[in-house]
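Please build the complete structure, drawing on both the sequences and the hints.
There are 2 protein chains.
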Amino acid sequence: MAEHKDLSKLCIHTITTKPWNIEEAARNFSESGVKGITVWRDALEGRNIKQTGQMLRDYDLSIVSLCRGGFFAHKDLNKRKAAIDDNKKAIEEAAELGTPMVVLVCGADPLQSPEDSRKQIQDGIAAVTPDASAAGVKLTIEPLHPMYADTRSAINTLAQANDMAEDLNSEWVGIAVDVYHLWWDPNLEKELKRCGENGNLAAFHICDWKVPTTDMLLDRGIMGEGCIPVKKIRSWVEAAGFNGFNEVEIFSNAYWKEDQSELLKKIIKAYKESS
Amino acid sequence: MAEHKDLSKLCIHTITTKPWNIEEAARNFSESGVKGITVWRDALEGRNIKQTGQMLRDYDLSIVSLCRGGFFAHKDLNKRKAAIDDNKKAIEEAAELGTPMVVLVCGADPLQSPEDSRKQIQDGIAAVTPDASAAGVKLTIEPLHPMYADTRSAINTLAQANDMAEDLNSEWVGIAVDVYHLWWDPNLEKELKRCGENGNLAAFHICDWKVPTTDMLLDRGIMGEGCIPVKKIRSWVEAAGFNGFNEVEIFSNAYWKEDQSELLKKIIKAYKESS
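Chains V and S supply the protein sequences, listed in that same order. Okay, so the first sequence: first residue is 1 according to this note's numbering, each after it adds one. Okay, so the second sequence: first residue is 1 according to this note's numbering, each after it adds one.
Source of the hints: derived by calculation from the structure; they are not laboratory data. Predicted, not measured: the structure shown is a model, and the values here were computed from it. Think of the CB as a built atom: it goes at the ideal place given N, C-alpha and C, for glycine as much as any other residue. Check each hint, because a few of them may be wrong.
Unchecked claim - Output of the computed footprint for chain S on chain V, the stretches with three or more beta carbons under 8 Å from beta carbons of chain S: (1) 106–114; (2) 139–149; (3) 211–218.
Given below as structure tokens:
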């Protein structure tokens, strides 16, 4: 597995360095040679979105995606309708920001079966795909780890995401692959190949699974400090035809307490050595 | 889905009422009409195992299984050898206790790939199957939730357990199905059918997934207080030909702090109403 030659494919999510506002993140990423940024919607609060997009481009940062839309699954019809509206808004924000992709955390409702949640997710994506098409923004289904099957996503394997994306069959629907969610899956290599062959492999998120993991959400590790074979998975992703950004997405109470400049240095070192 | 008519298929794991020693658990289970007990090995510490088995039978309790063997996966060869020895010991203990089954938590080593761990698991089970056969004890592979893929088990879906059990192809190897680990899997119904058809469906463990879950190991819920469709899964298990005990296996710091007699009452009520 080849080493990354430079930082030209390194993208960092704004949430990874959450203590920085988006202006600080952009300046620091850019000064360190990072070439991509994925913007979480909370980072845009109180800002003019078009101007913020221009600010990021002025720092020579590619705006890889907007995180996140989704949460389509609700037993309550009114909540499903509100989710459709919110996803249309996310698509608009992505277009204003100037990014070609909105990542979907699809949702799940513990008050109903996973099957019902899945149907509502597919219906929800279908409902907003015309808006995505009109805006030129791709919606990417992110399968989430099964430990989030209760409330965050009823799409928990790449096979399920592949099934759904193939069924929806739109150039405006793709898949975001995150090693944290999928590393354990014995079918991962096979399903990545299928994902690439069908033109659905649109995003690649990296981090690591710490041993032990002390929090189900906010204890992700930097590449190399856990048990995920990130390099091997990257080789599968690239063999499947993906040559886009490697997006570092780390939620970590521990790292958010650190000096974010030091965290950024660690990420860049780990990107070169362990991803 | 039919209600349970009585408690004749209700089994409780000793760890569910951990504050009770095995003598207290046996007396209380028996007095409440519970008909089965699964014994965790720590509950046998400092006791004569044969006499303890007799004590349980004197309370008219079926000894459903011994928990647990396994942990076959280690990068270090000496640790793999020690695991084989420990599993032989567990088989001996099961025979002394007078239970026909040892549940396997198969293990995983974060220092190596899941694929390597899986191979070592299969080799380990094969290595001790002759001992199981000689003792008349069945080894049951328990697929564990993917959130335990780092250290507890590299077998994380029923499909994987089915593959392995079919490959090992021994009447002394079967599968233990636990709703906590498998409820999220879109292939669960299909794989349960396969498991039954191949004669591998040997045990059924129940509890619930609390929303939110605050600890990755020790925050399991009682049936009905979470999002697992326990009744529906039981209907699939029974349709696959299983008619054995429903084993209540709950690890919960919260419930272990309660009066265990109250916990037992809650479990019996939930067994009737929500499982």
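Structure-based check of all given hints:
1. 106–114: Three-residue rule met by the segment 106–114 of chain V, so holds; n is 4.
2. 139–149: holds (count 4)
3. 211–218: holds (count 4)
In this structure, none of the earlier numbered hints is contradicted; all agree with it.
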